[in-house]
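Sequence order for the protein chains is P and V.
Quick note on my numbering: the first sequence kicks off at 663 and runs consecutively.
Quick note on my numbering: the second sequence kicks off at 830 and runs consecutively.
Rather than coming from a laboratory, the hints here were simulated on the basis of the structure.
Covered stretches of chain V, going by a simulated chain P footprint (3 or more residues, C-beta under 8 Å):
#, region
1, 830-844
2, 867-878
3, 882-891
4, 903-910
5, 913-921
Within a straight-line C-alpha distance of at most 25 Å, the following computed DSS-like cross-link-like pairs (lysine-lysine) qualify:
#, chain 1, residue 1, chain 2, residue 2
6, P, Lys-891, V, Lys-834
7, V, Lys-923, P, Lys-729
8, V, Lys-923, P, Lys-891
9, P, Lys-820, P, Lys-898
10, V, Lys-923, P, Lys-898
11, P, Lys-820, P, Lys-891
12, V, Lys-834, V, Lys-919
13, P, Lys-898, P, Lys-821
14, V, Lys-923, V, Lys-834
15, P, Lys-891, P, Lys-821
16, P, Lys-898, P, Lys-729
17, P, Lys-721, P, Lys-898
18, V, Lys-920, P, Lys-898
19, V, Lys-919, P, Lys-891
20, V, Lys-920, P, Lys-891
21, P, Lys-729, V, Lys-920
22, P, Lys-891, P, Lys-729
23, V, Lys-834, P, Lys-898
24, V, Lys-919, P, Lys-898
25, V, Lys-920, V, Lys-834
Where a beta carbon is used, it is the ideal one built from N, C-alpha and C, also for glycine.
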Amino acid sequence: MFKQKSLILIPALTFAFVFGSAEDVHAMHIMEGYLPLQYSAIWSVVCIPFLAAGIFSIKKIVEQNRKTLLILVMVGAYAFVLSALKIPSVTGSSSHPTGTGLGAILFGPLAMCVIGIIVLLFQAILLAHGGLTTLGANTFSMAVAGPFVAYGVYLVCKKINLPGSAGIFLAASIGDLFTYIVTAFQLALAHPSVTGGFSESFAAFLGIFAVTQVPLAIIEGLLTVVVIKGLEAYAKPELAELSYFEGGVLR
Amino acid sequence: MTTRKIVLILLALIVIIAAVPLLLIQNSEFGGADGAAEEAIASINPDYEPWAESLIEPPGGETESLLFCIQAGLGAGVLGFGFGYLVARKKYNKSA
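Next comes chain P alone, as it looks inside the complex (with noise of 0.2 Å):
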């Protein structure tokens, strides 16, 4: 565990001293307007049938193991608490962690879809963070690839053995690093430097948005390990029920 461990910490804590000057950024989720429209349009439509496929997840959640329904809604609520805390970082900006990962690793991706685009939409509406019009953009990156990559995470640590709680680590911190580095990838598509490119920007942007969140990932690694150490000892039938003392996860 702890070889695992350092693996992530050492590049982490690189990172953070050679970029501990940048310059000071609001990095979050993207801004409302700031992606063109056909972007714009392009993300919504992709995220189209994950959502679908999100609700026919929750819809079966709720039917046939209605038991673990408390569950899915403290899973719920933790994205929320998560994804309100903005917490300085080593680039002298602060951003917050996604709170997906949880539910990912307890309920499939798919189903976090569903969550992911509520929290996203109640940011978007009440507190002008993030945007409508890049709802469909914020809710891939958060949403949709987060929750996936901590699943394939959270799946091959399973497969090569590792102790529970690093593969739970390892699911949660990579995934919400991941959703910023998509978050910058979507930037940078978006736009392109005159002078360098897509890789330019797509530098720029992982300077901003993914060296920014590297220590939160850590944290929010940390906080799930937490968390799921509070419900197996609490929550064993529900748990149970999802499988996930067999390594598998409700599908």
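With chain P held as given, fit chain V onto it using these hints.
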């Protein structure tokens, strides 16, 4: 090590990771003015005009922090209710 100890250590680590940037970087406001991210786009793509604006924008930092507090508070309330329910169930119902 007991689970309780591991959890306490992890929580302490979380606080440390969040606090270290505050101590290390002195001349930053951590987040700065809203719209600082837009500056990155403005420098890459100076001709770009944002074509939409938020429907409702909080009038100031205080209202915005109120809304973020409500978001965190609602989520924390539900999480706390859930864990409270689960802990009490285990305590009063040994078979669960």
